[in-house]
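Colleague: Could you build all of it, start to finish, from the sequences and the hints given here?
Protein chains in written order, with the working numbering: chain V, 1 to 327; chain G, 1 to 370.
Honestly, the hints are just simulated from the structure, not real lab data.
If you're wondering where the values come from, they're calculated on a predicted model, not measured in any experiment.
Any given hint might turn out to be false.
Stated by the list, open to error - Here chain G is said to cover these stretches of chain V; the calculated rule only asks that three of the stretch's residues, wherever they fall, bring their Cβ under 8 Å from a Cβ of chain G:
1. 95–108
2. 116–126
3. 248–260
4. 288–299
To be verified - Here are the computed lysine to any residue pairs in the SDA-like style, where the Cα-Cα straight-line distance is at most 20 Å:
5. G:Lys222 <-> G:Gly152
6. G:Lys171 <-> V:Thr137
7. G:Lys171 <-> V:Leu277
8. G:Lys180 <-> G:Asn194
9. G:Lys73 <-> G:Lys222
10. G:Lys171 <-> V:Thr286
11. G:Lys150 <-> V:Lys124
12. V:Lys312 <-> G:Phe147
13. V:Lys124 <-> G:Ala44
14. G:Lys171 <-> V:Leu279
15. G:Lys150 <-> V:Leu277
16. G:Lys199 <-> G:Pro124
17. V:Lys136 <-> V:Leu71
18. V:Lys124 <-> V:Tyr55
19. V:Lys136 <-> V:Met121
20. V:Lys136 <-> V:Val153
21. G:Lys15 <-> V:Ala321
22. G:Lys73 <-> G:Lys180
23. G:Lys90 <-> G:Gly152
24. G:Lys150 <-> V:Asn308
25. G:Lys55 <-> G:Gln70
26. G:Lys180 <-> V:Arg324
27. G:Lys15 <-> V:Arg324
28. V:Lys58 <-> V:Ser184
29. G:Lys171 <-> V:Gly243
30. G:Lys64 <-> G:Ala52
As the list claims (entries may be wrong) - Here are the in silico distance ranges between beta carbons for each label pair:
31. G:Phe115 <-> V:Leu71: 41 to 49 Å
32. V:Phe128 <-> G:Gly47: 45 to 53 Å
33. V:Trp264 <-> G:Trp151: 23 to 31 Å
34. G:Tyr242 <-> V:Arg324: 25 to 33 Å
35. V:Asn133 <-> G:Gly26: 37 to 45 Å
Even glycine gets a Cβ: it sits at the ideal position worked out from N, Cα and C.
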Amino acid sequence: MSWLIALITAAVVTGAPLLFGTVGEILSEKSGNLNLGVEGMMFMGGAVGLGAAFYYEKAVGAAASGPLAVLLAILAAFVAGALGALIYAFLTITLRANQNVTGLALAIFGTGVGQYIGELMRVKEGGFVAVSNELKTYFQNSPFPKALQDIPVVGGLVFSYNVFVYLGIIVAVLMGLYLNRTRSGLYLRAVGESPATADAAGINVGRYKYLSTIIGGGISAVGGMVYIMTTAGCVWNHEGLSGEGWLAVALVIFCLWSPYRALWGSVLFGGLMILYLRLVLPFFPTQLYKILPYVVTVIVLILTSMRNNREKQPPASLGLAYFREER
Amino acid sequence: MHTSEHKTPLIRLAKREQMSPAAQWGIRIAAILLALVVGGLVIAISGSNPIAGYKTIVVGSLGKTSAFRQTVKNFIPLLGTALAIAPCFKMRFWNIGAEGQITAGAMCATYFALFWADQLPKVPLLLVMFVAGAIGGGLWALIPAFFKAKWGTNETLFTLMMNYIIIGFVKYLQGGPWEKMPRGSQQIAQFDSNACLPKVGGVYCGWIIVLILVFLMFWYMKYTKQGYEIAVVGESENTARYAGMNVPFIIMRTMFISGAISGVVGFMLASGANNTLYDGVAAGVGFTAITVAWLAQLNPFAMVGISAILAILEKGADSLQTEMQVPASISDIITGVLLFFMLGCEFFINYRLIFAGSGKKQENKKEVGA
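Modeller: Written as structure tokens, this is what we have:
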């Protein structure tokens, strides 16, 4: 039992960066923009977010306030990702460049920028960029009082996580409410399904696409920061967060473009990422656990296309540029 | 009249008539120069002189024989994979799984390098590896093509996922069944010399193969019936169907060919460049090559030039790191900026902007022109 609880809590923590990456990408894809640059934006968010916390602490010294550092890291990562997404949005929406190619270019550019900033900080600061242990606790420990965390079972399962897990859940739920329960969300989905129809109905297609891509990129980038500050231990290492962004793209498909499903999907994917540490099966090599998220995603993709359930399809205009003049 | 004038937007777009090729390339070269200026700014931010930086890139990639060879080594897989992707993109089949198809091809070729090297002489062995690489990459590409043809499964997302499945599998082979003895290194043994591609001019002979492939692909896309079918399916699937073409079959055949070429690139990387197999054998080439193919307008000859630029940047950035302490990841940034500018400039080739204020002038000009 305690083994299972430990596995679930670890899965939730590992899944939190994915949750941000996925929810941001869902917002972007719901507007019809398939932004394959998630990996790049998450890299940028990771490096810039770490930098923000690090330089804030360096400037203020021991007086550094933990909550403020967390807030700064979130803001910096969001802005970095939003800027990356802005490039993508300008190229694909205004200049009508091919979305796949632009997304891949952003992935290359963003990983480059992330690595570059990370390396530059490392060289400038004498080979090591890490926030103090004092400050780390604000990023990695539970914000709830010890008494709540000590409740058997429930304490571990509900109150033991770092602040980003709770924030991620809030963002995902708000995103779900926005997409499914508000007029603006309905318009956004209309833009993603059929931009020409939405345009004819008087919806400003360009504005919806721009805003959702940029905000979505910002949210995804926060996931990169969360990865660096929690899973990677508040240090920039050379590997960065290789693969996390692509996994987020997979998770978007797995949860069929629903932020609610992303909640448990991210826990499942997070669990599969760490399962090799905790569960050894005699008939299945542990190294293969890491490809399971992609395998199940492919299966989901195939099943949805075969069953042709209209509720569970990709947004109809996903990946296509909208040419008003060429209707 | 007056009311309608108020409603004209500030900037309108109109599709251009075909621009002259010289003007097209003028715009593209201007975009490249602008991108290099922005890249220079990035070099300046890290505290180095941009001009000295670019000089280091050029000298570091082309100046010495050994550096030039390394640049060619970067160039081979990039061009080969861009050629592989061209027919898919022509068909508007967004195959972004070249990364995985390279890895699958490399894996199949490696099987023969590891377990058949002592039973076959060099030339037959290399031929078998070549064919194994092609079939491996082709089959890996055929899976998403089959589902696309049969049920319309989204190929962009499918091919993307296939990358990480095969890369993860190779990682497993590397640390498991194919790990070299004694265990613990998480590496596959170096190939027997029989299984390594011979060198021509100091670089493994893959460069000859890809250069031949440039002509073959140009011919295939432009002068064969299959190339024509690909173009028709890309323009309009309905037209192709009315013309009696077997669209699902064309999709699967094209993807098999594309995957097979990527697989051959994988074979060349394993056998020629690395003399072994590891999970990072494709190292992002599959993704960069997509941008190469697209920027070249799917023209095989233009791909040669664009691959060369990116290969020079990649090698030059290594020199930049060792000589001027600029992180080598700057090559990714400059590559990205270059791609952004070149993607953006296509817009100005295809459209012209009409400003609201200059509307009358434009109209007059048209009349004069007519």
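Colleague: Against each hint, give a clear statement of whether it holds in the structure.
Modeller: Hints, verified against the model:
no. : hint                              : verdict
1   : 95–108                            : holds (count 12)
2   : 116–126                           : holds (count 4)
3   : 248–260                           : holds (count 3)
4   : 288–299                           : holds (count 7)
5   : G:Lys222 <-> G:Gly152             : 27 Å, violated
6   : G:Lys171 <-> V:Thr137             : 34 Å, violated
7   : G:Lys171 <-> V:Leu277             : 16 Å, holds
8   : G:Lys180 <-> G:Asn194             : 18 Å, holds
9   : G:Lys73 <-> G:Lys222              : 28 Å, violated
10  : G:Lys171 <-> V:Thr286             : 11 Å, holds
11  : G:Lys150 <-> V:Lys124             : 55 Å, violated
12  : V:Lys312 <-> G:Phe147             : 17 Å, holds
13  : V:Lys124 <-> G:Ala44              : 15 Å, holds
14  : G:Lys171 <-> V:Leu279             : 19 Å, holds
15  : G:Lys150 <-> V:Leu277             : 39 Å, violated
16  : G:Lys199 <-> G:Pro124             : 17 Å, holds
17  : V:Lys136 <-> V:Leu71              : 13 Å, holds
18  : V:Lys124 <-> V:Tyr55              : 12 Å, holds
19  : V:Lys136 <-> V:Met121             : 18 Å, holds
20  : V:Lys136 <-> V:Val153             : 25 Å, violated
21  : G:Lys15 <-> V:Ala321              : 15 Å, holds
22  : G:Lys73 <-> G:Lys180              : 26 Å, violated
23  : G:Lys90 <-> G:Gly152              : 18 Å, holds
24  : G:Lys150 <-> V:Asn308             : 12 Å, holds
25  : G:Lys55 <-> G:Gln70               : 17 Å, holds
26  : G:Lys180 <-> V:Arg324             : 59 Å, violated
27  : G:Lys15 <-> V:Arg324              : 12 Å, holds
28  : V:Lys58 <-> V:Ser184              : 42 Å, violated
29  : G:Lys171 <-> V:Gly243             : 14 Å, holds
30  : G:Lys64 <-> G:Ala52               : 17 Å, holds
31  : G:Phe115 <-> V:Leu71: 41 to 49 Å  : 57 Å, violated
32  : V:Phe128 <-> G:Gly47: 45 to 53 Å  : 20 Å, violated
33  : V:Trp264 <-> G:Trp151: 23 to 31 Å : 26 Å, holds
34  : G:Tyr242 <-> V:Arg324: 25 to 33 Å : 28 Å, holds
35  : V:Asn133 <-> G:Gly26: 37 to 45 Å  : 58 Å, violated
The structure is inconsistent with the numbered hints 5, 6, 9, 11, 15, 20, 22, 26, 28, 31, 32 and 35, although it conforms to all the rest.
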